[in-house]
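Student: Residues per chain, in single letters:
Number of protein chains: 2
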Amino acid sequence: MGEYRVASLESLIEQFERFPSVGHKTASRLAYHVLSMTDEDVMKFSRTVETAHKNIRHCRICCNLTDTEICSVCSDSSRDRSIICVVEDFRDVIALERTKEFNVTYHVLNGVLSPLDGITPDMICIKELLARLRDDTVKEVIMATNATVEGEATAMYISKLIRPLGIKVTRLAYGLPIGADLEYADEITLSRALSGRNEIID
Amino acid sequence: MGEYRVASLESLIEQFERFPSVGHKTASRLAYHVLSMTDEDVMKFSRTVETAHKNIRHCRICCNLTDTEICSVCSDSSRDRSIICVVEDFRDVIALERTKEFNVTYHVLNGVLSPLDGITPDMICIKELLARLRDDTVKEVIMATNATVEGEATAMYISKLIRPLGIKVTRLAYGLPIGADLEYADEITLSRALSGRNEIID
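Protein sequence lines, in the order shown, are assigned to chains A and B. My numbering applies: residue 1432 is where the first sequence begins, and numbers increase by one. My numbering applies: residue 1432 is where the second sequence begins, and numbers increase by one.
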């Protein structure tokens, strides 16, 4: 007894299965949707995928993702160029921009130092950051890497390179997230919230 | 203050958001994955999408999805051509084939009758089914439409057309799913399981 097989559909499902957190069921659902799309929509979809992949590159200044030579933040003259906020990934920029009160420039490392994974300082965008500090524009560098072992180590490594240049280096505040319940906070967060306590001033 | 925007990335996320059950977060994750793919993989992905959409059509005999003129089930000489199993959708064929003990041919309606949605008999593949019953090959038609109001109505409508031809028309058995707990079964399933009870024969 021969099986019911549709080779093109199987390859399509296989392609979708390569995406992160997409299992066979989700991949099938996505593939079935492609079959129900109009010719025009399919062409538009595949062109958008190709165009995005081709056009998106790193900004020549801050190494953030952009589809132009220089990203929209670096080319925005209203930004405060005296502060650079250093992050691991372009997604962090999107998260910080969501606060809508952070009118600074960014520097995207595109990775973190991780000796275990073989990620050394020359493999992430540190030299590009140092190049930006050569003139006297920058007064402060905010290390906004993640609160993980690798993120901390990277922040430490970079701040040791920058401090001798006479530039202030700061780190994001650690503590309880807003809306959090003390009872459920983990002990490391709690002890950081305690050691970083601030005086209440009327 | 200008926003951080990457137009190509935004259009890519928008494209993924058009897929069913894909919200903004999932669409972003899928789009970010596209950016991290190699040039080769991106081309392969977009070509597979286009090829699948272009090649997949309805089988000339059973109206099932196929990328050849006649699907792999209809062109399989080892299948029992005296039984046709009628289903709503190609996904139902995949589900039935999974049982691996159902060596029959199929007929895919590609829809169900639904007066409320304006789906009339000529909009689903009923005439193609009747055409297959003209010679004396088919002895039994199994109505395997879903156990929904529309599925039932469609099964009734088609069986009324087929019975006068002297062909046996059957319906899938209704009852408790295997492994189900009586306590949690809904009352309609239970009453169908009761009315369809079978005698235990040693």
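One thing to keep in mind: the hints can contain errors.
Which copy is meant is left open, because identical chains are indistinguishable; a pair holds if it fits in one copy or across any two.
To be verified - Below, simulated EDC-like cross-link-like pairs (lysine to aspartate or glutamate); rule was C-alpha separation at most 16 Å, straight line:
#, residue 1, residue 2
1, Lys1558, Asp1498
2, Lys1570, Glu1481
3, Lys1591, Asp1511
4, Lys1531, Asp1507
5, Lys1485, Asp1567
6, Lys1485, Glu1471
7, Lys1485, Glu1528
8, Lys1531, Asp1470
9, Lys1475, Glu1445
10, Lys1531, Asp1472
11, Lys1475, Glu1571
12, Lys1531, Glu1434
13, Lys1456, Glu1441
14, Lys1485, Glu1614
15, Lys1475, Glu1441
16, Lys1485, Asp1470
17, Lys1456, Glu1500
18, Lys1485, Glu1441
19, Lys1599, Asp1567
20, Lys1570, Glu1618
21, Lys1456, Asp1472
By construction, these hints were calculated from the structure, which means they are not laboratory data. The structure presented is a predicted model; accordingly, all values stated were derived computationally and were not measured.
Student: Against this structure, judge whether each hint is valid.
Tutor: Each hint, compared with the structure:
no.: 1; hint: Lys1558 x Asp1498; result: neither (22 Å within a copy, 53 Å between copies)
no.: 2; hint: Lys1570 x Glu1481; result: neither (40 Å within a copy, 52 Å between copies)
no.: 3; hint: Lys1591 x Asp1511; result: neither (24 Å within a copy, 77 Å between copies)
no.: 4; hint: Lys1531 x Asp1507; result: within (15 Å within a copy, 63 Å between copies)
no.: 5; hint: Lys1485 x Asp1567; result: neither (35 Å within a copy, 59 Å between copies)
no.: 6; hint: Lys1485 x Glu1471; result: between (21 Å within a copy, 11 Å between copies)
no.: 7; hint: Lys1485 x Glu1528; result: neither (25 Å within a copy, 41 Å between copies)
no.: 8; hint: Lys1531 x Asp1470; result: neither (40 Å within a copy, 35 Å between copies)
no.: 9; hint: Lys1475 x Glu1445; result: between (21 Å within a copy, 11 Å between copies)
no.: 10; hint: Lys1531 x Asp1472; result: neither (34 Å within a copy, 36 Å between copies)
no.: 11; hint: Lys1475 x Glu1571; result: neither (44 Å within a copy, 45 Å between copies)
no.: 12; hint: Lys1531 x Glu1434; result: between (56 Å within a copy, 9 Å between copies)
no.: 13; hint: Lys1456 x Glu1441; result: within (12 Å within a copy, 26 Å between copies)
no.: 14; hint: Lys1485 x Glu1614; result: neither (49 Å within a copy, 57 Å between copies)
no.: 15; hint: Lys1475 x Glu1441; result: between (22 Å within a copy, 14 Å between copies)
no.: 16; hint: Lys1485 x Asp1470; result: between (23 Å within a copy, 8 Å between copies)
no.: 17; hint: Lys1456 x Glu1500; result: neither (40 Å within a copy, 27 Å between copies)
no.: 18; hint: Lys1485 x Glu1441; result: between (26 Å within a copy, 14 Å between copies)
no.: 19; hint: Lys1599 x Asp1567; result: within (12 Å within a copy, 90 Å between copies)
no.: 20; hint: Lys1570 x Glu1618; result: neither (34 Å within a copy, 72 Å between copies)
no.: 21; hint: Lys1456 x Asp1472; result: neither (23 Å within a copy, 22 Å between copies)
Checked against the numbered hints listed earlier, the structure breaks hints 1, 2, 3, 5, 7, 8, 10, 11, 14, 17, 20, 21; every other hint is satisfied.
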